[in-house]
Amino acid sequence: MTIQDRRSALKCLAYGGAGTLFTLAGGIVTPLELASAATRGHVGTPLFAQISDSHIGFNKDANPDVAGTLKQSIELVNALPRPPALVLHTGDITHLTKPEEFDTAAQLLSGLKVAELHTTPGEHDVTDGGAAYFARFGKASDNRGYYSFDSHGVHFVALVNVMNFKPGGLGALGDDQLAWLAKDLKGRSASQPVVVFAHMPLWTIYEPWGWGTGDADQAFALLKRFGSVTVLNGHIHQIVQKVEGNVTFHTARATAYPQPTAGNGPGPGPLKVDPAVLPKMLGITSIAYRPHPAAPTLTDTPLA
Amino acid sequence: MIPRTMTHVLFAAVLAAAPLPALAADAQVAMKNFDFAPMAITVSPGTTVTWTNRDGEPHTVVSADGLFRSAALDQNDSFKFTFDKPGTYKYVCSIHPKMVGTVTVK
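Residue numbers (this note's numbering), protein chains in the order written: chain U, 1 to 304; chain E, 1001 to 1106.
Each statement offered as a hint is correct.
Once the Cα atoms are required to be at most 25 angstroms apart in a straight line, the calculated DSS-like pairs of lysine-lysine come out as:
1. Lys71/U to Lys272/U
2. Lys60/U to Lys280/U
3. Lys139/U to Lys183/U
4. Lys1032/E to Lys1098/E
5. Lys98/U to Lys1098/E
6. Lys1080/E to Lys166/U
7. Lys1080/E to Lys1032/E
8. Lys71/U to Lys98/U
9. Lys98/U to Lys139/U
10. Lys1098/E to Lys166/U
11. Lys1032/E to Lys60/U
12. Lys1090/E to Lys1106/E
13. Lys1090/E to Lys166/U
14. Lys224/U to Lys186/U
15. Lys1032/E to Lys272/U
16. Lys60/U to Lys98/U
17. Lys224/U to Lys242/U
18. Lys60/U to Lys1098/E
19. Lys60/U to Lys71/U
20. Lys1090/E to Lys1032/E
21. Lys280/U to Lys113/U
22. Lys139/U to Lys113/U
23. Lys1085/E to Lys1106/E
24. Lys242/U to Lys280/U
25. Lys1080/E to Lys98/U
26. Lys1032/E to Lys166/U
27. Lys1032/E to Lys98/U
28. Lys272/U to Lys1098/E
29. Lys1098/E to Lys1080/E
30. Lys280/U to Lys71/U
31. Lys272/U to Lys98/U
None of these hints come from the bench; they were simulated from the model.
None of these values were measured; they are calculated from a predicted model.
Model the full assembly from the supplied sequences, consistent with the hints where possible.
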């Protein structure tokens, strides 16, 4: 063992014995980083938080104050026992793609104590073809909408499935994005936890309402070999989840308004509920990691 | 006074004509319950079609071949497009792509 190996091993042990699966092979995430992802100091502490569907600009009965409920959601994130490393917004930031809606949203989001925010657009954000969204959030992806980054040993992949619709169809990723994803994942260690986030569900929840992504199976063929994949979506304004092998699928509540459950209404529109019930149907999600094997723990917190 | 048989004939003709796509100089399409209504219309060249959103959820009107794209239409907002050339023009709501419609110009 080299001196460097020994030093790193000792450092690893100092984090509470996470060093048993230690490896030094180039480019492979070490258990040191996984321990960091898993604990951030304490087991179960959220590594990151997800908010979704803030629909700034919406002003109908289902919630006359979406700015207020976004603010409350941000306060919930800020009140987490330890600040998460980053926040994801899984889209429909605005309701009508209007510049003033983006401005208001950005102003409210700046109230997050966590400085690092990563977004993916919803279909409400790109009704102009993407100009307003990319003007504000395009940098991370060179205006393509999809991008990836690493944080605390976790590989985050932002996908866009709202800009390539086929009429009559579900969400779509498109060939260019799938080719990029293949390249992005190539050579990565299967033991590195992957988080994939996109606005529309990446699995078919309810086809008649377009709740699904037509070509997502091609993405999952690429992700199949990874030991831990967490798929975080929004769009449907309610929690639906499933676990399939190593993949955890989860949709988040909105911060704006709820929608009916699949098929229970004329379509996927705003659902008016009793004002006392509304805060129970809105909220945030926080995600922590168990270290070995790396697996996510998702906690959904309603506004009330 | 129209003879009764003639009234019946006229009435039958109106009923028979009802299911045909609407022919109009200025045409109206509503967005209602996540549908374009009527889903298919036929107009003559130079007709302006007005789409009006009657749902509480926004919709858009986006041409399948890039000819027109509305902004996000809130409830009671509308979008107009004048069709000059004959042809079949398919369009979709880009927020709810299950919503599709056609304008035939001839």
